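Visitor: Residues per chain, in single letters:
Number of protein chains: 4
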Amino acid sequence: MSEVPKDAIKCLDKGFVRLVDSMGGDDAIVQAARVSYGKGTSKVSQDRGLIRYLMRHRHTTPFEMVEFKFHCKMPIFVARQWVRHRTANINEYSLRYSEARDEFYYPDPKNIEFQSALNMQGRMGEVPDDLKQKVKDYFKEISERSFEIYSELNDAGVARELARAILPVNLYTEWYWKNDLHNLLHFIGLRSDSHAQYEIRVFSDAMAESVKAAAPIAWEAYQDYVIEGLRFSKIEQSLLEKKLPNRVIDDISEDLAYQLTASLHFNKPRDKNDLFLLYQKQGGSDSNEDFNLKWNSGEIQIGNVRELREFKEKLVKLKK
Amino acid sequence: MSEVPKDAIKCLDKGFVRLVDSMGGDDAIVQAARVSYGKGTSKVSQDRGLIRYLMRHRHTTPFEMVEFKFHCKMPIFVARQWVRHRTANINEYSLRYSEARDEFYYPDPKNIEFQSALNMQGRMGEVPDDLKQKVKDYFKEISERSFEIYSELNDAGVARELARAILPVNLYTEWYWKNDLHNLLHFIGLRSDSHAQYEIRVFSDAMAESVKAAAPIAWEAYQDYVIEGLRFSKIEQSLLEKKLPNRVIDDISEDLAYQLTASLHFNKPRDKNDLFLLYQKQGGSDSNEDFNLKWNSGEIQIGNVRELREFKEKLVKLKK
Amino acid sequence: MSEVPKDAIKCLDKGFVRLVDSMGGDDAIVQAARVSYGKGTSKVSQDRGLIRYLMRHRHTTPFEMVEFKFHCKMPIFVARQWVRHRTANINEYSLRYSEARDEFYYPDPKNIEFQSALNMQGRMGEVPDDLKQKVKDYFKEISERSFEIYSELNDAGVARELARAILPVNLYTEWYWKNDLHNLLHFIGLRSDSHAQYEIRVFSDAMAESVKAAAPIAWEAYQDYVIEGLRFSKIEQSLLEKKLPNRVIDDISEDLAYQLTASLHFNKPRDKNDLFLLYQKQGGSDSNEDFNLKWNSGEIQIGNVRELREFKEKLVKLKK
Amino acid sequence: MSEVPKDAIKCLDKGFVRLVDSMGGDDAIVQAARVSYGKGTSKVSQDRGLIRYLMRHRHTTPFEMVEFKFHCKMPIFVARQWVRHRTANINEYSLRYSEARDEFYYPDPKNIEFQSALNMQGRMGEVPDDLKQKVKDYFKEISERSFEIYSELNDAGVARELARAILPVNLYTEWYWKNDLHNLLHFIGLRSDSHAQYEIRVFSDAMAESVKAAAPIAWEAYQDYVIEGLRFSKIEQSLLEKKLPNRVIDDISEDLAYQLTASLHFNKPRDKNDLFLLYQKQGGSDSNEDFNLKWNSGEIQIGNVRELREFKEKLVKLKK
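Chains A, F, P and D, in that order, give the protein sequences.
Just so we're aligned, residue 1 is where the first sequence starts under the working numbering, counting upward by one.
Just so we're aligned, residue 1 is where the second sequence starts under the working numbering, counting upward by one.
Just so we're aligned, residue 1 is where the third sequence starts under the working numbering, counting upward by one.
Just so we're aligned, residue 1 is where the fourth sequence starts under the working numbering, counting upward by one.
Any given hint could turn out to be false.
[To be verified] Distance ranges between label pairs, derived from CB positions:
(1) P:Met124 with A:Arg231: 55 to 65 Å
(2) F:Lys110 with A:Ser297: 23 to 33 Å
(3) P:Met124 with F:Leu190: 47 to 57 Å
(4) F:Asn154 with D:Asp193: 17 to 27 Å
(5) F:Asn154 with D:Asp251: 34 to 44 Å
(6) F:Gln280 with A:Lys212: 41 to 51 Å
(7) F:Glu152 with D:Arg101: 24 to 34 Å
(8) D:Lys314 with P:Thr87: 29 to 39 Å
(9) A:Pro5 with F:Arg231: 22 to 32 Å
(10) D:Arg86 with F:Arg58: 46 to 56 Å
(11) D:Arg101 with A:Asp193: 39 to 49 Å
(12) P:Arg231 with D:Arg86: 17 to 27 Å
It is worth saying that the hints were derived from the structure and are not from the lab.
Just so it is clear, the structure is predicted and the values come from calculations on it, not from any experiment.
Ideal Cβ positions, reconstructed from N, Cα and C, are used throughout, including at glycine.
Hey, can you work out the whole structure from these sequences and the hints?
Guide: Take a look at the structure:
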C-alpha cells in the first residue's frame, strides 16, 4: 500500500489523490469543438466564449476530449460510492492477490456527527465529546481486532480471498482512476455537493484542484452554468408567474436592452447616431432622451450577447 | 428493406418507428428505487411522488431499469445523428452484405425552408414554390441517377461495399435500436427539441409515444422538471437579484408558507388549534387573525411538501 | 433486507439470485441479426446455425438485443468484484439511507481452504477441522461485535453513513442488476470460471440458469466456441508446427473432405455420379474406388459446412 | 475541411490520420497493473513479461489506462462503420453548421474489384479496365453533379441541413476521435483484418503505427496472442482428438519438459546434479543418459515458464 506521495493531496487521515497524468485542457476543448464547426484557431478571448457557450448549451462531447488519470487511496466505503461512476477506467489493489495492510480510516472528531433528521442520507451537528470518544474507541477496536484475526488466518495459510472477508469497510484501498473531463466534472458536481458524504467530498475536492489548473475556463463555466445554476420546474414557474409582477420583469428586460446595446457596440462599435436605433431593436422602450442620459451614465455593464438574449427569452416565459 | 409494418408509426415519406419490445414501466422504476431505500411496495400515489422526486433530483439509475427496443427505418443522414447516442444497442441493415433498395427520402414541400440567419444549424421560413419545385426535382434526379448507376455496377458484379459509395445520404436504412429509459428520455429531450433537425424530430416524437404509454408518470416528470425546467445561470441570477424586489420574494415565500401548512395538514390532519403554529413553523408571518381569514377562504392550494420546501430555498438565494 | 424469495435461487448461506424480468431470447438475436442481412424470418434449424455463426465470428451486437434483470443479495466483497462489470445498470441498497441488517456471510466449512501456492488469487485444499472452527469463530466474533457496535452507535444517533464504516465486507447487501445477454455471457464466462472466487461463482452459476432457459441456443454456442474454445498463441503454434507431422494434418484434412461432401449432399442432395467430383472439389485425394468404399460405410458424420471449412483453413496454418 | 497536415499519414486519395495527443504507453500499463498486484516498479524485462501475461489472460483494464487522440478525415461510408465503436469520444464536422467542401473519394483503379462469391461482404479480383473506367466515370459524375446541385441550393439559401441530404456517402468528413488502448486494439483487430472493407483498413493500419510507436510491447503481445492466436472450438477439438496420435502429443510434451527445465535453470541457475531431477518434475521421461546427451546438444530453446506450462495443459486436453 502506497504512502502519501510527495506530489499528492492528502485526504482524510491516510488517503490521498495524486494526478498521475493528463491529456489536454481548455485548448483541447476548443480544438475539438472547432472541427465540428469547421473553423480554424482563433483568439483566446473567443476561446473563452466558445467554452462557455458549449457548457451553457450542454454540448458535452468536446469536454470528453480531455483526460485525467489519478492515483488515489481511500477507505473501501468511499471506493464503493466512487466506483458507481461507470465511465472511468480503474485498476484497484486486489485483496485476492495481495495481503491487506494495517491501514484503517479513523474519523477526525470534528466529523463525527449525528444522523440528520431531515436528510435521510446526511449528518447534522457534532456529537458530545463522550460519544466522540466512544466512536473513536469502537473504530479502533474493530479495526485492530479484525486485522489481528486477518493476520492470524493469513499466517495459518488460509486463502487471502476468504480471510479478507472479515475486514471492515474503513480499510484503505487504492487505485488508478482515469476519466474524461466531462464525466469528471459530473463526478465533482455530485460528489463535491453538500449532500455528498463528507468522506468522498474530500477526494472530489482534491481532484477539482487538478481540473481548475488544467482547464480553468471549463471549470469556471461549469460552476457558473451547472453548479450555481438555479433551475425552476414547471410547477415552480407557475408559482413565480402568479406572484412576479409584470412590472418587475419589464424592468429587468429594460435593463437587458441596455446591456445588449452596450455589448453589441463593444463588439463592433457603431456610429453614435445608430445607438438608439440599436437599443430599440433590442426591445428598449425608453425615450431617446432617457436613453442618452443612462447611456452616458457609464453604469451599463456589458455581457455576452448570446447569453443576454437567452435570459430575455426566459424572462418572457415568466410573464403573465 | 421493410415496408411500413401495421403496428408502426409512419415517419417522413417512407420511414417508421415500431416498438418491438419493452421491459418494465413506471412500476419498474419504483421497484428499483425502493431497493436503494430498503423499503417494500406501497400505494400508487406514493409511487408518483417517488418518481417525481427521483427525476427532480436527477437520481437517474432507477430509470435505467426500463428498456425499449424499436425497429426503425430512416434516411442515412438521420441515422448519422442518431447513432451518436452511444448507450444504445444497434443492428443496422448492411450495404456490404445486402443490396440497397430504391428508397430515398423526398422532403415534403412544407418542410423545404431557408437557412436560418440566426441559428447556424436551423431553418427559417418556407421557400417560394419555384424553389421548392427545384429542390424536389434535384432530390429526384440525384436519387434516381445514383440508384441507376448503383444497379448497373451491381449487375456488372462490382463489389457491393464499393458500389454503394455513390448513394446519397437521403437513402433509407433501417435498424433495431435498444436503449434504457434514462438514455431514451435524454435522446428525446435533445431530438424532440425545437433546435433539432426536423427529420430526426419526427422519429424522436414517434418514440416518445411509446414512452408515454409505458411510463406515463416518468414521462410527465421529465417534462415538468427537465424539458420545461427554467435554469438561471449564476450570471442571470445576479441580474435577477439586482432587480427583483425583496418584497416580491417575501410575498411568494408567504404564499408558500400557506401552501406548506395546507399540504402538511392534508397529509396528516392536525387539530385546528395547532394550525397557526404549524404555519409559523413554515415561516409564515401573518397575524393569527389574518391567517384564519385566508385559511378559511378556501383558496389555498396544496402541493408536494418536499417540492415546496425546495422552492423556498431557491427563493432565498435570490434575495438581496 | 429481503428474505430469499420463493422464485429465487439460494446462493451461499443467506444470498440469492432472482430473475425479475427479461426481454427476448434466441428469437430476438435472430431477429436483430436478420435486419443486418436484410432477410426475413426462416426455419428454426437455420436460426441455430445463424446464432452459432454469430458467436463463432464474434458478431456480438445481436446478443445485446436480449436483456435480463436480476434481484440479487450477496456479501459486500462479492458485490465489489461484481460491480466492476460496467455495462450493467444497478440500484443498490444504501447504507447511508437505510439501516444495516444483521446478516453476514459465514463460509460453509467445506469452502474454507488454504491459500494456493501456485495461483496468487486462488485456494487449494480444505484446511484441518480445528482451523475451520477457528475461521468460523472469528467470522462470528467480528460480525457480531461489529453489528453490536453499529447498533449502539445507531441508537445513540450517530450518522448512519459514518457508523456503517466499521461493518466488515461479509455483510450482505442487495441490488437490482440489469444487463444485456452479450455482457452477461462475458460476466458468466469470467465469473463461472474455475479461477474466479468461489463466492461469486455461485451467483454467476445461478444467473447462468436463467440464460440457459431464455436463450438455450446462444448458451450452447457460447460454451462451444468461447468457454470450451482452445486458443493457441503464435508461439504455441510454432511449437505445434515443429512437432505435428504433416501426415497427421493431411489425415485430418482428408477426413474433413468426406465430412464436407456428406454435409453438402445432406443440405442439397446431388446425383450419385456427382458425389466423387464434389469430394474432389473439397480437397479429397482418395481414388474413386476408395471413395465409394468409405462413402458406403455409413461412418461419415455431417457437420456445419462453414465451420468445417474454417477448420480446414486453420489446419493449413499448422502445416510445415 | 482540413488539408492533409504535415505530420499526418495520408489515407486513400484525400483522407488522413494524425495523432493529436496521447497519454502513456507500455509503462502506464505496467504502472496500473502493479497497483492491482500491490507491487512497486521493477526491471524492464519483467515489464515485458507482465504485459504479455496480462494480454494472454485478457486482463484488459491496465490497457485502458493508455489514451490516444486522432484527427482523421475519411469518406462518410467509412465513418459510418467507424462510429459503431461506441467507447470512443468523437467530435465530427457538422454539415448542419458548416458548408460541405468539394471533396469526394474516388477509388484507386487497383481497388475496384468484383463482389466476392464466397464472402457476402467481400471483394475478389480486380475488374477489367473498361469496367474500372466506368466506375471511375460514375463516381465522378455523381460526385460532381450532386455537389453542383448542393452549391446551387446553398446559394439559393436553402437550409444546409436539408441540402446536404443529396450528397453521396463518398463525401469526405472529418473528426477528432479519442479512445483508450484496449478499445483501440480491438478496433484495429477488427478493422485491419482481411475481412474488413479495404477503405477502413487503410485508416486502421495508419492508427496501428501510432500504437506500435507508443506501446511496442503491448502491440507485439496483441499480435501474438489475439491476432495470430488460433482458436479451436469444442467441435474442432473433438476432430483433432480423433486424429491426433497420442504419440505426437507425448512428443511435444517431452519437448516442453526440456524447454521448461532450461528456462527454469536460466532464471535461477541450479547445481548440475539437480538438473535431471528438475527435468523429471517437469514431466520428462527420458533416461538420465539421454537427458545428458540432449541437454549438452545446445539445441534446447528457452521460453516463458508460465506460458510453456499453459501450453502443456492445453495439450493434455487434446489427448485421447
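Visitor: All hints are to be evaluated individually against the structure, with a verdict given for each.
Guide: Against the structure, the hints come out as follows:
1. P:Met124 with A:Arg231: 55 to 65 Å: 57 Å, holds
2. F:Lys110 with A:Ser297: 23 to 33 Å: With Cβ atoms ~50 Å apart, the hint is violated.
3. P:Met124 with F:Leu190: 47 to 57 Å: Given about 54 Å between the Cβ atoms, the range holds.
4. F:Asn154 with D:Asp193: 17 to 27 Å: 25 Å, holds
5. F:Asn154 with D:Asp251: 34 to 44 Å: The hint (34 to 44 Å, Cβ to Cβ) is violated, given that F:Asn154 and D:Asp251 are roughly 54 Å apart.
6. F:Gln280 with A:Lys212: 41 to 51 Å: 44 Å, holds
7. F:Glu152 with D:Arg101: 24 to 34 Å: Once the Cβ atoms are compared, 28 Å apart, the range 24 to 34 Å for D:Arg101 and F:Glu152 holds.
8. D:Lys314 with P:Thr87: 29 to 39 Å: 30 Å, holds
9. A:Pro5 with F:Arg231: 22 to 32 Å: 40 Å, violated
10. D:Arg86 with F:Arg58: 46 to 56 Å: 23 Å, violated
11. D:Arg101 with A:Asp193: 39 to 49 Å: At roughly 45 Å between Cβ atoms, A:Asp193 and D:Arg101 fall inside 39 to 49 Å, so the hint holds.
12. P:Arg231 with D:Arg86: 17 to 27 Å: Cβ of P:Arg231 to Cβ of D:Arg86: about 26 Å, so the range 17 to 27 Å holds.
Hint violations for this structure: numbers 2, 5, 9 and 10, all remaining hints satisfied.
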